[in-house]
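In order, the protein sequences belong to chains A and B. The working numbering numbers the first residue of the first sequence as 1 and each following residue consecutively. The working numbering numbers the first residue of the second sequence as 173 and each following residue consecutively.
Since the hints were made in silico from the structure, they are not lab data. Note that CB positions come from ideal geometry on N, CA and C, so glycine has one too. There's no promise every hint is true.
Stated by the list, open to error - Distance windows between CB atoms, simulated:
hint	chain 1	residue 1	chain 2	residue 2	range
1	A	Pro37	B	Val264	24 to 34 Å
2	A	Leu15	B	Ala267	48 to 58 Å
3	B	Arg223	A	Asp22	41 to 51 Å
4	A	Asp152	B	Met191	55 to 65 Å
5	B	Ser213	A	Arg90	15 to 25 Å
6	A	Gly103	B	Pro224	21 to 31 Å
7	B	Pro224	A	Leu15	20 to 30 Å
8	A	Pro37	B	Met191	34 to 44 Å
9	B	Asp179	A	Leu15	36 to 46 Å
For reference, the chains in residue letters:
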Amino acid sequence: MRRHRRRRVQGEVELNLAAMLDMAFQLLAFFILTFKPSPIEGQIMLRLPPPRPAVVVDSDKKAGENTSDTSPVIAMESLIISVFPGADGRVDTMLVGDVHVSGEAGLDARLKTILTDEGAPFEQVIVQVGSKLRYDELMKVVDVCTRQKLADGKKLSKLSFVELPDAPPDTN
Amino acid sequence: MSSISTDRAEPNLTPILDMVFQLITFFMLVINFKSASLDLSLKLPVLGSARPVDSGGEEDLLVLNIDSEGRLKVGGVAQEDIEGYIGQEAGVSRAYARIHGKKPVAEDEKELSTIVVVRADRATPFQLLNRVIATCQNNGFRRFSLKAMNRVEAH
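Bound-form chain A, shown alone (with noise of 0.2 Å):
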């Protein structure tokens, strides 16, 4: 028997690529006027323990208690920087322990001496700051003592800030 093949239109199916243009123009619209690059910025990581007092004192016992304790009461090692605004919220007076430094150079320099000296082992580094001082002060003081190595040669990245008045001591 012969077979009679039915011949195919051979048409061509054309998308309507008007409607999706206008969707992805709709889309590409939606994209550009929502970009809006971020600035890089940068961070400087802590960890902020509160601050711990520089004498630990057992609460249960009282002084004098045990006459045969001749033990000397037991200190905790805390550095401790102060730091005091001026009028204008910029840093006036810096003080290392009771030492005056000059500038982010000088306290540098000072950190260097003391961080990396054996034989005072720091367990907390405390920043005595002035309630007016502005931030951008405090992150430069904050830079130079993240920037420190401690005698283990670990960097220093363990500090506790405190709220000071505002006018600083008389040191002479």
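Given the coordinates of chain A, work out where chain B should sit on it, guided by the hints.
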């Protein structure tokens, strides 16, 4: 008389569609949803040694924007009750740590692994900043990321 041809001349839209899709792909890839939590009106301090953020994508962050008046803004909304908000976030962080089986970061069990990202205006007085930091510390946050710009940007 010559007959006018009625064939419509249709432009080939395929190349333009390709190009538009390429542009859409570009914008979709560079869109940054994280910036929605940042208050870009703040002028951050400028520090050359501030390092770019490298959290590895797995850190739990709490972003706090503090303006020069000490107002705490989160997602563009000013939070009046700072203590309440941070306490609430600490509760969320604890629940998150419990669900994901995360261990506390240090010796104290109450410490949270969440990093508090502090974005404060450069003119913010320490008194106002310290209020936020102390509240975070009281709620168990210990890890802080203080934000700064690497260089001065035009605002």
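Checked hints:
{"no.": "1", "hint": "A:Pro37 / B:Val264: 24 to 34 Å", "in the structure": "holds (30 Å)"}
{"no.": "2", "hint": "A:Leu15 / B:Ala267: 48 to 58 Å", "in the structure": "holds (51 Å)"}
{"no.": "3", "hint": "B:Arg223 / A:Asp22: 41 to 51 Å", "in the structure": "holds (45 Å)"}
{"no.": "4", "hint": "A:Asp152 / B:Met191: 55 to 65 Å", "in the structure": "holds (59 Å)"}
{"no.": "5", "hint": "B:Ser213 / A:Arg90: 15 to 25 Å", "in the structure": "holds (23 Å)"}
{"no.": "6", "hint": "A:Gly103 / B:Pro224: 21 to 31 Å", "in the structure": "holds (27 Å)"}
{"no.": "7", "hint": "B:Pro224 / A:Leu15: 20 to 30 Å", "in the structure": "violated (45 Å)"}
{"no.": "8", "hint": "A:Pro37 / B:Met191: 34 to 44 Å", "in the structure": "violated (22 Å)"}
{"no.": "9", "hint": "B:Asp179 / A:Leu15: 36 to 46 Å", "in the structure": "violated (20 Å)"}
When held up to the earlier numbered hints, the structure conflicts with 7, 8, 9 and fits the remainder.
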